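Enquirer: Given chain A, work out where chain B should sit, using these hints.
If you read the sequences in order, they're chains A and B.
So the first sequence is numbered by the numbering used here: it starts at 534 and just counts up by one.
So the second sequence is numbered by the numbering used here: it starts at 534 and just counts up by one.
It should be emphasised that the hints constitute simulated quantities derived from the structure, not laboratory data.
Among the hints, a few may not be true.
Any copy, or any two copies together, can satisfy a pair, since identical chains are not distinguished.
As the list claims (entries may be wrong) - In silico BS3-like cross-links for lysine-lysine, where the CA-CA straight-line distance does not exceed 27 angstroms:
(1) K554 <-> K769
(2) K712 <-> K781
(3) K560 <-> K854
(4) K854 <-> K576
(5) K554 <-> K854
Computed from a predicted structure; not experimentally measured.
There are 2 protein chains.
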Amino acid sequence: MNQQISIGLFGFGTVGQSVYKVISGAKNAHAQISRICVRNIAKPRAVAVDPSILTDNPDDVFADPSINLIVEVVDDAEASYRIVSTALRRGIPVVSGSKAMIARHLPELIELQREYGSALLYDASSCGSIPVIRNLEEYYDNDLLLEVKGILNGSSNYILSRVFDHNEDYNAALEKAQKLGFAESDPTFDLSGMDSLFKLVIITVHALGVYVAPERVFTYGISTIHDADIRYAREKRMKIKLVAQVVKVDDSNFTMFVMPEFVSPSKYIYSVDNEYNGVVIRGECYDRQFMFGKGAGGLPTASSILSDVMARRYGYSYEYKKMSYIDRPRYTTDVMLRVYVHYSTTDIPSLLPFEVVREQFISADDNYVIGDISLGQLMAARQVLSAPDVFLANIPMFFLDRDD
Amino acid sequence: MNQQISIGLFGFGTVGQSVYKVISGAKNAHAQISRICVRNIAKPRAVAVDPSILTDNPDDVFADPSINLIVEVVDDAEASYRIVSTALRRGIPVVSGSKAMIARHLPELIELQREYGSALLYDASSCGSIPVIRNLEEYYDNDLLLEVKGILNGSSNYILSRVFDHNEDYNAALEKAQKLGFAESDPTFDLSGMDSLFKLVIITVHALGVYVAPERVFTYGISTIHDADIRYAREKRMKIKLVAQVVKVDDSNFTMFVMPEFVSPSKYIYSVDNEYNGVVIRGECYDRQFMFGKGAGGLPTASSILSDVMARRYGYSYEYKKMSYIDRPRYTTDVMLRVYVHYSTTDIPSLLPFEVVREQFISADDNYVIGDISLGQLMAARQVLSAPDVFLANIPMFFLDRDD
Chain A
534 MNQQISIGLF GFGTVGQSVY KVISGAKNAH AQISRICVRN IAKPRAVAVD PSILTDNPDD
594 VFADPSINLI VEVVDDAEAS YRIVSTALRR GIPVVSGSKA MIARHLPELI ELQREYGSAL
654 LYDASSCGSI PVIRNLEEYY DNDLLLEVKG ILNGSSNYIL SRVFDHNEDY NAALEKAQKL
714 GFAESDPTFD LSGMDSLFKL VIITVHALGV YVAPERVFTY GISTIHDADI RYAREKRMKI
774 KLVAQVVKVD DSNFTMFVMP EFVSPSKYIY SVDNEYNGVV IRGECYDRQF MFGKGAGGLP
834 TASSILSDVM ARRYGYSYEY KKMSYIDRPR YTTDVMLRVY VHYSTTDIPS LLPFEVVREQ
894 FISADDNYVI GDISLGQLMA ARQVLSAPDV FLANIPMFFL DRDD
Chain B
534 MNQQISIGLF GFGTVGQSVY KVISGAKNAH AQISRICVRN IAKPRAVAVD PSILTDNPDD
594 VFADPSINLI VEVVDDAEAS YRIVSTALRR GIPVVSGSKA MIARHLPELI ELQREYGSAL
654 LYDASSCGSI PVIRNLEEYY DNDLLLEVKG ILNGSSNYIL SRVFDHNEDY NAALEKAQKL
714 GFAESDPTFD LSGMDSLFKL VIITVHALGV YVAPERVFTY GISTIHDADI RYAREKRMKI
774 KLVAQVVKVD DSNFTMFVMP EFVSPSKYIY SVDNEYNGVV IRGECYDRQF MFGKGAGGLP
834 TASSILSDVM ARRYGYSYEY KKMSYIDRPR YTTDVMLRVY VHYSTTDIPS LLPFEVVREQ
894 FISADDNYVI GDISLGQLMA ARQVLSAPDV FLANIPMFFL DRDD
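Just chain A, with the same shape it has in the complex (with noise of 0.2 angstroms):
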């Protein structure tokens, strides 16, 4: 408690360098980076630094006594759970930004705290600088709990919001987030939906106590949208936006998903634009409760590593209180949902098995089909809708009286 932090830092990218940065900068932190583990020390870097600090051995970082935490901002899945789960077990506390890696492999890495008495904190694996996880984690704390619900990927988000707002075409709006910096080394990470998928498996195991592995939820990015949906959306004074989200349909289930979603201008996730998250969090007696921020970008990000940093100083850990909550819900991909798919040689109306078709609309060059599915079906159809020519949006419907 209260202790002098001494940092072994793994990855020294964009985050690591504002990670080094503000740390270095911050003078009531009480902690310093010792050791800065890199792939490649002879790489030429921004951010000037003691070469002495500096190794490609990632024991030399473990087998340091001094070194009291680990901050883990590898941008390598395989790489950041060969550290982190190396950190746990040997007692050292970690705190890693990698969503993808911890919404694969959260089950273990809760395992391995309780085995190692050690600690993992990732409030940056999620929305960047807004503390979703800490909040879920510690104030919404109780079963009043009923939806949590957002915009989670900075850079689809940012990508969107220049076709909505600015009219800008899909593409160059894509290569002026890449150009910014706001998308990830692989764009098809944000553009598939999969970023958005990884924050949310790890903020449904914070809101509700239920780990569902990424494969299981049905997942739908935005790179097939066609300037017919974004004409569609704009007719009906509708924004476009990736909305990943898990709710309690019941009292016994709850349901996730991320998918494209046509957003009215009276919900309050319309008007996050750019780069910025936006987190709605509903509950029995506060009603709804939104968070915005920035969402992506290294500084955004290595505040909210700070604020982890900090936390350890007063041995701070996550106590995943709600999984051994009674009654914890169950997850159900039985739940009827409203989508518009939009196809041009696929055929749509005859692939997918709507339980009611509510409107088609055949041209020479675009059709669309609105209609009512499960959400079982649309996953058991995911092949067909990852067609090129198809874009499938969702369409609020058992919100539909709710200002969200």
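Expert: Same frame as chain A, now just chain B:
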């Protein structure tokens, strides 16, 4: 740690009854209300409770060895102070929602917590359901924080919202707010800005680690707002909102005040309507974060109290870490503001020592002057400004180039 919580509840009005409902209904709270202390046992109440747990003698609660937490939601600052200080002296932790009492006695209450090794939590005291205190204390626990600014009072915001968004008359809106139960027992408390002030004093302790006594803070309310002011704001496409803020003006100094403010549509707080509260937290790396939620009403406040009760299960207490920071910023009123002052009979231009007068308007019915004046001089002129024909509003000048 992880103990069963047995609660002695003081106060059984709107908030107290909501606390009772929420805690009785929370299946994972591991908490129960064992005794309820009220002023008048015989008073009929909407919520039915076992009469044997009611008492009008505080000692019945303090002397009960099974009670390990006091929840205090008494609507009387004097009584609240007696309850909280007695409990802390006896080593019983307390959850309180009494902002006026806490804002006035915080240094002493911090001392009592230290001396008797007890804990006082009070997230419900500021912004109802929004976890502002907990986040400032735990998550923004570093010196990156530059500003906390927001709408902290639900009922005055409800009234201004009816006036600006629904073209209602000020007095009709006030009446409606009281009918809906948004106003405190004494509405002048809300309208004079005192309620916002008390919250701001508490927020400042957790934001910057500095306690500033309420009487040292310039506070101006909305009760003298005039149709001409509303018209003027509308013409400029702005809204007038009652805004509380604490702002670092440079590395070593901060200022704070509560004042009506002209808010343009590009600001986050512009869209905080009705009884909602909204807080913007600005920092060096993350720029702006915005938290938004219900600030008034029994259930939102009760949900916040439940969060504090749950936190006590894990022995949580505020560390007041920032109070021990080196180079804490100092409170100053030596900052220049630009203000709008409306008047009819009081001779504002000759009574207020403006540095520069920017605009002056004189007519048969209304007059106003816009000018630059230091906060210190506004404080010195409190007497003049309290005349019933005078209304003052801040024109955010030194924020001109910022998008808050």
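Enquirer: Compare the structure with each hint and give your call.
Expert: Hint-by-hint comparison with the structure:
1. K554 <-> K769: Cα proximity of K554 and K769: none, with 46 angstroms in one copy and 42 angstroms across.
2. K712 <-> K781: Classified as neither: same-chain Cα gap 39 angstroms, cross-chain 33 angstroms, threshold 27 angstroms.
3. K560 <-> K854: Classified as between; 13 angstroms across copies, 33 angstroms inside a copy.
4. K854 <-> K576: neither (43 angstroms within a copy, 39 angstroms between copies)
5. K554 <-> K854: The answer is between: 22 angstroms across copies meets 27 angstroms, while 34 angstroms in one copy does not.
Checked against the numbered hints given earlier, the structure breaks hints 1, 2, 4 and satisfies all the rest.
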